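Chain order of the listed sequences is R and U.
Residues 30 to 201, numbered by our numbering, are exactly what the first sequence covers, in order.
Residues 5 to 79, numbered by our numbering, are exactly what the second sequence covers, in order.
Treat the hints as calculated values from the structure; they're not laboratory data.
Keep in mind that the hints are not guaranteed to be accurate.
[To be verified] Per label pair, the in silico range of CB-to-CB distance: (1) R/Ile187 - U/Val17: 49 to 59 Å; (2) R/Pro76 - U/Ala68: 11 to 21 Å; (3) R/Ala166 - U/Ala21: 18 to 28 Å; (4) U/Trp53 - R/Ala192: 50 to 60 Å; (5) R/Gln151 - U/Ala68: 44 to 54 Å.
[Said to hold, decoys possible] Here are some, though not all, of the chain R residues that point toward chain U, as calculated from beta-carbon distances under 7 Å: (6) Ala46; (7) Gly108; (8) Ala109.
Because the structure is a prediction, the values reported are computed rather than measured.
Each residue gets a CB set at the ideal place from its N, CA and C atoms; glycine is no exception.
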Amino acid sequence: MLTLLRTWLQDTKFIAALCRAAETLARHEGIAAPGSEHFVLAALALPDGSAARAFDALGLDAKRFRAAIGAQFADALAGAGVSSASLTGQAPSLREADGLYNAAPSGQTLMQRVADNRHARQGRPLLAADVLLAVAAEEYSIAARALRHLQVTPEALIDAARAAMQERMATH
Amino acid sequence: MNPAHPAAPSLPVPDPADVAQSLAAVVALRRLADDLESRCVVEALRQDWSWAQIAEALGVSKQAAHRRLSHLKPD
């Protein structure tokens, strides 16, 4: 019972930290509501390090993922005859967020997937790599297109995320 | 020429049959439009435009403009 309560508290703190970090990253880009790509970037910086280790095993890091997000936008814009270099410079500042937390639909779906894997986790607390498992289920989102641009298959991402989680649980 | 929009320049567009590529272009164009809109509104507020003027220029109601864009902060 005590273990369950401790895990629940850890998960609550994890989700709060993840949402806060994703929102901060999105707002730095002038975007009010974070999408799943912001949640992946936020997970890569979480202190348990499992998402960053999984990315590392795939030869990736946050910088390369961010670049791939930009590259998939550039590819998509080029297909519509628009140069992605049209807008440069700092995105506009946004006021501090207030009221209810608001994620973009892709961010909401991803967080729902993270929360829904409770039974599969069998009492294990949430880890940053759980976000990678959730994003591996996406096919057409910005994050999925960025991963495809990096030639990372969902299967490879799942394998790397699971290995990083096992390593983390074995050492803590 | 598109008879519905006689002044519109012709742009290369993805083949709508390639659904994934076309939808990716829609998302990217929307993101670009949102970014341009944010930058313009920040500049308009800096130049003391009212929300009524901004709304009129964007072709939306003042309430809609304020609801969607009031999180922007002129530096």
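How the hints compare with the structure:
1. R/Ile187 - U/Val17: 49 to 59 Å: violated, 35 Å
2. R/Pro76 - U/Ala68: 11 to 21 Å: The hint (11 to 21 Å, Cβ to Cβ) is violated, given that R/Pro76 and U/Ala68 are roughly 41 Å apart.
3. R/Ala166 - U/Ala21: 18 to 28 Å: For R/Ala166 and U/Ala21 the Cβ distance comes to about 26 Å; the hint holds.
4. U/Trp53 - R/Ala192: 50 to 60 Å: Hint holds: Cβ distance 54 Å, inside 50 to 60 Å.
5. R/Gln151 - U/Ala68: 44 to 54 Å: Cβ of R/Gln151 to Cβ of U/Ala68: about 47 Å, so the range 44 to 54 Å holds.
6. Ala46: Constraint on R/Ala46 not satisfied, violated at 22 Å.
7. Gly108: holds, 4 Å
8. Ala109: Hint on R/Ala109: holds, closest Cβ of chain U at ~4 Å, below 7 Å.
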